[in-house]
Each structure stands twice: as structure tokens, then as C-alpha cells.
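Participant: Residue-level listing of the chains:
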Amino acid sequence: MDNNQKPQIICISSGKGGVGKTSFTINLAAALSTKSRKVLLIDGDLGLANVDVMLGLNVKHTLQETVEEGRDPLEILVEIMPGFFVLPASSGVPEMASLSYEEQAFLMDSLEQIIGNFDFVLVDTAAGVGESVLWFNNWAGKNITILSPDPTAMTDAYALIKIMNTRYNKKEFHLIINNVKSKKEAQEVFVNMSTVLENFLGVKPCYQGAIPQDSAVSMAVRKQKPFIIAQPKARASLAVMEICNKILS
Amino acid sequence: MVKVNKQPRTKNFCDFLQLIEEEAARFSVELIPIAEETGTGPQALLVLDSTLSAKRKGELAKPLVTQTSPTTERAQHIALPARADALAGAEFFKDCVHAELARVKKSRLPCSLLLIRIDENNEDRGLLNKAAATVEIAIECNHHLAHFDHATLALLLPGLNRNRALRQACAIHQSLSAEITARVKIGLAVCMARTVPAAEEFMEMAFNELQKAEHEAGDIFYSSPNQDDDSCQVTAEERAQLFSFLNRGK
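Sequence lines, in order, name chains G and D.
Each residue of the first sequence is one higher than the one before, counting from 430 in my numbering.
Each residue of the second sequence is one higher than the one before, counting from 627 in my numbering.
Just so you know, these hints were derived from the structure itself, not from any lab.
The model shown is predicted, which means the values in this text are computed figures rather than measured ones.
It is possible that part of the hints are untrue.
Simulated pairs of lysine-lysine, BS3-like, Cα-Cα distance not exceeding 27 Å [said to hold, decoys possible]:
1) G:633 to D:732
2) G:652 to G:613
3) G:662 to G:675
4) G:467 to G:435
5) G:633 to G:599
6) G:571 to D:732
7) G:654 to G:571
8) D:731 to G:599
9) G:489 to G:571
10) D:731 to G:600
11) G:571 to G:652
12) G:633 to G:675
13) G:613 to G:571
14) D:720 to D:732
15) G:435 to D:731
16) G:675 to G:435
17) G:662 to G:613
18) G:435 to G:612
19) G:612 to G:633
20) G:467 to G:662
21) G:571 to D:731
22) G:633 to G:652
23) G:675 to G:654
24) D:732 to G:600
25) D:720 to G:633
26) G:654 to G:633
27) G:467 to G:633
28) D:732 to G:435
29) G:599 to D:732
30) G:435 to G:613
Cβ-Cβ distance ranges computed for the label pairs, FRET-style [to be verified]:
31) D:826 to G:678: 27 to 35 Å
32) D:849 to G:648: 30 to 38 Å
33) D:800 to G:671: 54 to 62 Å
34) G:523 to D:789: 49 to 57 Å
35) G:636 to D:805: 42 to 50 Å
36) D:809 to G:504: 36 to 44 Å
Residues from chain D shown here face chain G by an in silico Cβ test under 10 Å; the list is partial [what the hints assert, rightly or not]:
37) 756
38) 760
39) 762
40) 763
Where is the CB? At the ideal position from N, CA and C, for every residue including glycine.
This is chain G alone, in the form it adopts within the complex (with noise of 0.2 Å):
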């Protein structure tokens, strides 16, 4: 495989849990994927483990042993459909939630020298600003962060946001509202996050699309499949399709 090319790395957090991560960046890999590019999906949640579960894999190597034994994460690929393939993590090891520096920076390396070999890597961070997130946002290239229109995620999204521009210096930030009624509530919510964002830091994010709620989306969580796969149909696969078009453009 080609090794030389240069992947866009996309980080994909929210702050606050059960805001659609997971499931977004499953749903954004396989859409990708239909558009032939070749896309490398790492959990990044690598203590607690969602994105095997979503797609009902058994797998039988997670990023514990590349950071633990060396083991080359190349072996521990898995092809979920054509030119899109998962890292998995662990699930329920304290440990990989608190990586050392030493053991970041040593899996970091890892996957710096397979990720040469893919169009697109999407990283699904854990929940909350441990460092694993701060680290892997500050890997990307591009950064997505998903909220929802509740108080909460807002307040989370905002302050995930913050860290990675006060301490990392990050500048750009493409948003996503997932579970809205109305394109019109994803707008309010939109304009209102962007609007405290630049009064307070400066900030000017992207709108990078909106998810509306949607059936379809519980039903392909419980049949462990992408619901862009299971529903192509569906309003929040066309959704999922639309921002996958953008981030192509």
C-alpha cells in the first residue's frame, strides 16, 4: 500500500456523552466509503469502546495491544465494507482511558505510520475533556464537534471548544447539531453557539450540517448496522450523505 499520501484527520467530539458520535462518525465512514474513498474509523474512546458494538463486530485485536505490546495496528484493522475499516479499542480497561505521555506519544507514532495508506481518518473521541480527546483533537486536521439543543450539550460543546482554543490554540471549529426537530432549530441553535464563541474567544465556526431526529437512527443502532446502509432513505441518512458532500467539496 501507498504509505505517502497525506489522509485528512478528522476529530469528531461533543463533550457531553450520548450526543451521536458514535453513530455520526460511523454513519460518516460508511458514506465516504460509498463515494470510494478509503476511510480509517479509529475508536477513540479507547477505554470504553462503542464503535465495535455499533457495528456488531467481534474483535479479536484493539488498540490496548498496540499500545501494551507493540502490536502493529495494521493487524488489527477490521474491513467493515469496501474501503472502510475500523480500529477498535478496548472496553472496560481504566488504564487506556489515562494513557501516559510516554504511551500517547508511542501510539501516536503507531498510527501515524498506517494512516499514509487512507483518504480520510475519523477519529470517535470519548465523552468529556480527558486528555485522550484534547490529544486527539489536537492530532486533526479538521475538527467537528456534534451538539444537540440542550442546555447541556451546549454548555459542554462550548467548553470542549474552549480548551482546544485556549490551550491548543485551535482555531477552526465546523459544528454539527444532531437530534433537531427543524432546520430552523439547528439555525438558532447555530447562530447562538457562534455568536457566544466569537464575543468570548474570538472564534468563527462552521455550520457543517444538521441531523434531524429520526427513527431510522435507534432502529440501526439496535441492528448494529449504519443507518446510511440500513435506510439510505431515511431523513437523517440524506443528512449524513449531505454533510459527507461537503466535507468531499
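Here the structure of chain G is known, so what remains is to put chain D in place on it, guided by the hints.
Facilitator: Quick look at chain D alone, frame taken from chain G:
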């Protein structure tokens, strides 16, 4: 990892090892001489990147132990010291600082530097060595401890921000106060990713803080004005604006 073995244990081999040690002093690496407990000299020398985790170092050392000792019984006699024997000197430490600051630029994780002065008027080198032994117990394997001057130790803390470094400084101060009777002063400098100084400048920042600690009432000093606030607490004003659109419909 560099492995040097299969050489007769002659004076030449020892010279050869010494040559490697001298060369290695210019880099941020850890040297681990490998010898049989009953032997008279080292059989091999591991040169490891000092940023590797203890776990990873163990992994790398494992096959070497097997290769140099065909039987399990013999392998049990091979001693792997956890750290280099003596504290690094100022030149090596400066290289460590330089390497860590380069890493801060890449990883965006902060890095802190403590200068620990043990009673400047005390000329007893034994006191400084005793202090170093006490500090070594309180630090982690990726922290770098070195002699700074005749009365001062330097401690580089990769990945530690202001608050964590201050906590570490307090813990060290407590340990030292319990172990030695001398006056202990600590100066702290913190390097954040947004402004990474040169190694000399960073060491000077810590030295200035130490000088202030010498003349001020506190034992631990940290005052750099451009780094004093890296708090990201979401303020009441920010929250009020965030929630304003929710209240519009009420």
C-alpha cells in the same frame, strides 16, 4: 535499541562502551548496562529512547535477555537496572530540555521545569545527593532529574501543566522537608504549546523563579505573567449567553 554484545570482555570492550556512553550523552536516551550479577563488567548496553514507557522498555529488553542467556536459570541472574546509575549532568539535561520542548511543539502537551535548591550555603555535596535520592522516589520514570549547580537539582516534568507541576513541587518539598534539615526552595517554569521558548530561555525562566523564591516568603515560586491563567472554566456570562436563545420562547 542498540545492542552491543558478542565481544570478549576485555579492556577494549569497556572502552568501546565508554565511547558509546559519551556519544549517547548528546541525545535524550537512557543507557542500561546489562551484566551478570556475578560478572566483572557489562556484557551489553541497551540504548533506549528516554520517552519510552517502562512497559515498552521491558518489552524491548526481554528478547535481549533471552539472547544473551540461553537458559532460564542464567537469565534470572541478569540484572536490568531501572535507571541510569548516576544523575545526568547539566549538558545532558539541556539536551533533554531541548528534546522535550521540541515534543511540546508536536504533541501540544505542556512541560514543566522545577529547580530545587538545597541550602545554597551548604557546600556538602552529600546533602544534594541525599536530596536527589529523595526526589527520585517521588518522580515518574519519564521525568528527568539532573544536577543544575552545586546546590541545585533540575527536574523536567514532561506533560505536566502548571497545576500538576505545582502539586508535584509541593509533594517534593514535603518529602525533602521530612528527609533533610536544610532549607529547600523551588522555582517553577511552565512551557505551554502556544509559546515554546528555547531551552536556555526556559531554564532561565525557572532560574528567575528560583531567585524569586529565595527572596520571597514562599518556598515554591511560580509567577510567569504570560502563563498565569490557563483556566478554561466556562464563566457565568458565557453560560448566560449560551442559554439565552432557550429562554427567548418563554
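Participant: Each of the hints needs a verdict: does it hold here or not?
Facilitator: Here's how the hints hold up against the structure:
no., hint, result
1, G:633 to D:732, "holds (25 Å)"
2, G:652 to G:613, "violated (31 Å)"
3, G:662 to G:675, "holds (18 Å)"
4, G:467 to G:435, "holds (12 Å)"
5, G:633 to G:599, "holds (11 Å)"
6, G:571 to D:732, "holds (16 Å)"
7, G:654 to G:571, "holds (26 Å)"
8, D:731 to G:599, "holds (13 Å)"
9, G:489 to G:571, "violated (30 Å)"
10, D:731 to G:600, "holds (16 Å)"
11, G:571 to G:652, "violated (30 Å)"
12, G:633 to G:675, "holds (18 Å)"
13, G:613 to G:571, "holds (26 Å)"
14, D:720 to D:732, "holds (19 Å)"
15, G:435 to D:731, "holds (20 Å)"
16, G:675 to G:435, "holds (19 Å)"
17, G:662 to G:613, "holds (21 Å)"
18, G:435 to G:612, "violated (34 Å)"
19, G:612 to G:633, "holds (20 Å)"
20, G:467 to G:662, "holds (23 Å)"
21, G:571 to D:731, "holds (18 Å)"
22, G:633 to G:652, "violated (38 Å)"
23, G:675 to G:654, "holds (23 Å)"
24, D:732 to G:600, "holds (17 Å)"
25, D:720 to G:633, "violated (40 Å)"
26, G:654 to G:633, "violated (35 Å)"
27, G:467 to G:633, "violated (30 Å)"
28, D:732 to G:435, "holds (17 Å)"
29, G:599 to D:732, "holds (14 Å)"
30, G:435 to G:613, "violated (37 Å)"
31, D:826 to G:678: 27 to 35 Å, "violated (48 Å)"
32, D:849 to G:648: 30 to 38 Å, "violated (58 Å)"
33, D:800 to G:671: 54 to 62 Å, "holds (58 Å)"
34, G:523 to D:789: 49 to 57 Å, "violated (22 Å)"
35, G:636 to D:805: 42 to 50 Å, "violated (59 Å)"
36, D:809 to G:504: 36 to 44 Å, "violated (56 Å)"
37, 756, "violated (28 Å)"
38, 760, "violated (23 Å)"
39, 762, "violated (18 Å)"
40, 763, "violated (18 Å)"
In summary, the structure is inconsistent with hints 2, 9, 11, 18, 22, 25, 26, 27, 30, 31, 32, 34, 35, 36, 37, 38, 39, 40 from the numbered list given earlier, while agreeing with the others.
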